[in-house]
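Asker: These are the residues of each chain, in order.
2 protein chains.
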Amino acid sequence: MKTESIVLAKRPEGIPSDDVFRYETVEIDEPSKDEIQIEAIYISVDPYMRGRMDDSKSYIQPFQLDKPLAGHIVGKVIQSNADGFEQGDYVVGMLPWQKHTNVSAQSVTKITQRDIPLYLYLSVLGMTGQTAYHGLLKIGQPKEGETVVVSAASGAVGSVVGQIAKLKGARVVGIAGGTSKTEYLTDQLGFDASVDYKADNFSEKLAQAVPDGVDVYFENVGGHIADEVMKHLNQFARIPVCGAISGYNDKGIEHGPRIQPILIKSQALMKGFVVANYADDFKQASQQLAQWVNEDKIKTKTSIVEGFENVPNAFRNLFTGDNFGKQVVQVSDNL
Amino acid sequence: MKTESIVLAKRPEGIPSDDVFRYETVEIDEPSKDEIQIEAIYISVDPYMRGRMDDSKSYIQPFQLDKPLAGHIVGKVIQSNADGFEQGDYVVGMLPWQKHTNVSAQSVTKITQRDIPLYLYLSVLGMTGQTAYHGLLKIGQPKEGETVVVSAASGAVGSVVGQIAKLKGARVVGIAGGTSKTEYLTDQLGFDASVDYKADNFSEKLAQAVPDGVDVYFENVGGHIADEVMKHLNQFARIPVCGAISGYNDKGIEHGPRIQPILIKSQALMKGFVVANYADDFKQASQQLAQWVNEDKIKTKTSIVEGFENVPNAFRNLFTGDNFGKQVVQVSDNL
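Protein chains in written order, with the working numbering: chain A, 1120 to 1454; chain B, 1120 to 1454.
By construction, these hints were calculated from the structure, which means they are not laboratory data. Built from N, CA and C at the ideal position, the CB exists for glycine as well.
Computed footprint of chain B on chain A; a stretch qualifies when at least three of its residues, placed anywhere within it, have a C-beta under 8 Å from a C-beta of chain B: (1) 1337-1350; (2) 1356-1365; (3) 1372-1378; (4) 1385-1392.
Produce the complete structure using the sequences and hints provided.
Answerer: The structure is reproduced here in structure tokens:
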């Protein structure tokens, strides 16, 4: 059968322009033995993918030119040639940006719990939830009564970080852009305070929001937002470094105040991490996260765009601050 | 009796000028009960003291204006009014920059092992040795066969870091300024390679010296030297941040490439530390270090300047790269 895919036409400079993406019609066969054929339903777009579009050494291989882009996708089994999978099953896995795909059954996970919206397997019950969980608890290690600050706090990772920190008894301050996001944090998610980084007096507002200093700073953005938070670090502060989205589209290397004197002064720990390294604990974390979601202790917000043709735009919105909550694209109504 | 002290006359800008220090004649009484009177023999000058000269919040209180500066000193007991101390005993402790001082006996440590030069209690058997030991082993955690890079490698901390790393089976690369220092590292201390940061081709030479990348970077200097090392971090690299001497005398905040993307890319850990936090393990570390020194497994170099009047200059030399090895000032011949 024929299907459509989105390939990397060229490597982007800055925010990816239209000609970075190319739609192609491809032919796929029947699934081989132990394979299943999947129809993509929800495609996840995530900031880390920008790094894979560059041709540079990192913890994950770059995307290849003229090959499909890829990411986490929730799909439906259309045809199964593998034990344990039947037509109609739903799965989640790292799959190409393609409407239909044949994959080895081992490379995807069957979704068994159906009382939770499917797209949450791309966020709180998927990679971003795992990222929040392990980064916060294993590196940040918030203690009761401590102050936890999280940037990009209304985003897929940040919103879960803040809510888990609350569950652990911390005072939680979220940084986000614009009042609709900051109000969401305090009114809907139970954050103790939130600060709008787009406001003129961001620096003062942040200082007011952390009267006892900062014990954990969950870093999603880098740039001048991070610089301001660093001014308030308490002794033995911990900084899980999850992302630095402010610089992802820069051509050169972004400069800022050197970190060494700050780390010495506060005897702080800063650690970059990639969620894949906590794979051994994914199952346990999944169960805990699903329980919290079911008990409404973790609330989520998903921004769903429709249409396979809108995947590139949805991806770009991650870098403009225009999205709100976890961004997914629904590419099929075959639910 | 009358004695002399060096007080902080004003807070410095940049490298402390002469008028930052003022010599004063002070009167001291007989030691009270549980006190001892000490004559200073060796005064240690250390880069961290520069931070205490500023009036800013840090892990340690700032020096007070018009009060004596202070630091680690080896002295001789002139008069004792405390149990367990006799005239002629040698002690080490945090004491004012003063020729004679009365202190509580509890605030100093008696030196019992006399087959080791006394001034080594200000370096390898004192604070700098402890700094090297705990920073490297507890944060750096070098494993056999890994590459350890240390900056300011011929200095009091760096030279011990490199030698302990060798004892742990690592490949050790030292960064220092000038060929006499770099040759000392490889010829005398057994480093596997050394790189001269003052050389034009520093960047290339460093790359050649770390063909397998960098697993541990023991940070003493910050600045552009650190930037170059960061380009070679391996996955899961560890960076104990001990010092950032390149910026200690800067009036403003030094800028450089932002660290967040680097830490994510290599999933690296960076941690500022202050040796005082490892106080529980000082005794065990002291014994180990003394053993290594006695067995000639750790070699040391001490630069001894003579005369109480030369303390400020000896301190300043720490920031110009002119000193070589641990800098101490001998202020009395009463050995």
